[in-house]
Amino acid sequence: MSVLVVIECANGEVKKSSLEAASYGSKVAADLGTTATAVAIGDVQPDALKGLGEQGITKVLLDNDKRLHDFVGAAYVKVIAKAAEQENSSVIVLSNSNIGAAIGSRLAVKLIASLATNVVSLPQINGSTFTVRRGVFSGKAFSEVELTSDKKIIAVKKNALEFDTTAGATATVENFSADLSDADFVAAPKETIKQSGDILLTEAEVVVSGGRGLKGPENWHLIEELAKTLGAATACSKPVADVGWRPHHEHVGQTGITVSPNLYIAVGISGAIQHLAGVNSSKVIVVINKDPEAPFFKAADYGIVGDALEIVPKLIEAAKAL
Amino acid sequence: MKILVCISNVPDTTTKITFTPDGKSFNTAGVQFVINPYDEYALTRAIELKEAQGGTVTVLNVGEADTEPNIRKALAIGADDAIRVNIKPTDAFLVAQQIAHYAKEGGYDLILMGRESIDYNGFQVHGMVGELMGIPTIAPAMKLDVNGSTATLEREIEGGKEIIEVALPLVASAQQPMSEPRIPNMRGIMTARTKPLQVVEPVGQEAKTSVQKYELPPAKSGVKMIPAENAGELIKLLRNEAKVL
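Sequences listed follow chains H and U, in order. Residues in the first sequence are numbered consecutively from 1, following this note's numbering. Residues in the second sequence are numbered consecutively from 1001, following this note's numbering.
Excised from the complex, chain H in its bound form (with noise of 0.2 Å):
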């Protein structure tokens, strides 16, 4: 029995989220008496991976196949699932991610596991039973989910949870290999397009994002500027996108993206109950809206009342002054 924990990369380093779930797997291995493994796929150096001892991994098993640097679901399904059996893991815990979703609700099928995604507890685990909880009804409430099966699967929500490191700590790195056939590859990308220079909206630890208070798409170099300064990624309001203000992957918001940054601080967005879904995880919630009566001010930590184009300015020169 061991835990299993699926380690993403993004040009060549470990994403944040996976350090998330790698101290998650190994505080799990804590309480099961057992030890925690990684298994990193695609385009990563070895060297990254040692550091995943930090977070309590001792031995990282990396495949590296080039065809494998694109996610392929199926290809990426059979390098865990054949690390899972070579492991003996009981557990496998991943990020809530698009690719880590992906993965767990086909691992659960080929390995007749049970699966939690968007979690935000350690297990509870009692005797035969082991519980979590996690988000539902788009952040609005939680549920208490117990895992039947002997095996389980745990994708971890970005940003729940407090991750300890213990500096110096490294992790040995072993080449991995799967089995895998062209068969294997029928979906892979034909191409792939990376918006550049950009923080990424999921990973961000400050949103800054925009309504339709901003008035128009040629004021948007503001909540650029703010973003910019405080080192944010941005995001906006499901009407901004739909006017095509803003292109749909920067919608935030019950049909859009869901984020649970540190800070999110929504300007000129009133705060319809759909735009609370998508953010209300988030630690610390700013408002600037002219409206004194916007519903988001409910659910805010800090807020202004003022116009967004006079108030931002101020904001960016005070974030400067920093």
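No lab work stands behind these hints: they were computed from the structure. The reader is advised that the hints may include incorrect statements.
Quick partial rundown of chain U residues pointing at chain H, CB under 7 Å, derived from the structure [unchecked claim]: (1) 1211; (2) 1225; (3) 1234; (4) 1244.
Here are the computed lysine to aspartate or glutamate pairs in the EDC-like style, where the Cα-Cα straight-line distance is at most 20 Å [to be verified]: (5) U/1224 with H/291; (6) H/215 with H/310; (7) U/1236 with H/225; (8) H/190 with U/1165; (9) U/1050 with U/1081.
Chain U regions said to be covered by chain H (calculated; three or more residues, Cβ under 8 Å) [claimed, not checked]: (10) 1117 to 1131; (11) 1134 to 1148.
Glycine included, each C-beta is placed from N, C-alpha and C at the ideal position.
Since chain H is already given, all that's left is putting chain U on it; use the hints.
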């Protein structure tokens, strides 16, 4: 082309979420249920593909009889027929098992659904269906086109997108901007009444998770207002008090 669109029945997006006093179930009193918004993107795209290229669109819902008004709405929007698997959907595996069984039986070229339901937010069913059927799953897909027996999809990845070409059959889950959902017109509503809605029994009931209780998050302690003329003060508070900068 035969397309299967799986829809779920979810509380309207403006619903204030509450639970029964024992915390065991969602309180449905006074709640309006709608087609899951992500599933509507899948449904509309399926109907667009049918209108452009011919074929049929079947709607499948795993749920009890109270979901039928929304199944009829899907028929009014333009689906040709519907299947309801008569079981309460308590677990993603249980739902995926039903869909995979009836999808195999129907020999569909495309199986579409939303990326997740807005109530249980599992993001699980599409991947499970793909694995149970042994066919590719593309999730989440922002665009979908079909040319003969090949589909071209845009999949969202963090910080960008991928273009994928894959042979049918496949499973895809939808998100914006795949399509613009339609409102049924009067003619659609009238014809939906006569379209076939087949009720079938579940195949196995193999749930792998069990919800013990639900809880609401703790209430916020209240907002600290900063006068607009001192807006810059906010930045200092975020650094020194909230410690998030």
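Each hint, compared with the structure:
Because the smallest distance between the Cβ of residue 1211 of chain U and any Cβ of chain H comes to about 5 Å, under 7 Å, the interface hint for this residue holds. Against a cut-off of 7 Å between C-beta atoms, the interface hint on residue 1225 of chain U holds, since the closest Cβ of chain H lies about 5 Å away. The closest approach between the C-beta of residue 1234 of chain U and any C-beta of chain H is roughly 6 Å, which is under the 7 Å cut-off, so the hint is satisfied. Against a cut-off of 7 Å between C-beta atoms, the interface hint on residue 1244 of chain U holds, since the closest Cβ of chain H lies about 4 Å away.
This hinted pair checks out: residue 1224 of chain U and residue 291 of chain H have alpha carbons roughly 16 Å apart, not beyond 20 Å. The suggested pairing of residue 215 of chain H with residue 310 of chain H holds, with an alpha-carbon distance near 12 Å, which does not exceed 20 Å. A threshold of 20 Å between alpha carbons decides the hint, and for residue 1236 of chain U with residue 225 of chain H the separation of about 18 Å falls inside it, so the pair holds. As the CA atoms of residue 190 of chain H and residue 1165 of chain U are separated by approximately 7 Å, the hinted pair is consistent with the 20 Å bound.
Between residue 1050 of chain U and residue 1081 of chain U, the direct Cα distance comes to roughly 13 Å. Compliance with the 20 Å bound is thereby established for this hinted pair. Figure legend: the stretch 1117 to 1131 of chain U, annotated as covered by chain H; annotation consistent (13 residues with Cβ-Cβ distances under 8 Å, at least 3 required). Residue count for the stretch 1134 to 1148 of chain U with a Cβ under 8 Å from a Cβ of chain H: 6. That meets the three needed, and the coverage hint holds.
In summary, the structure agrees with every hint in the numbered list given earlier.
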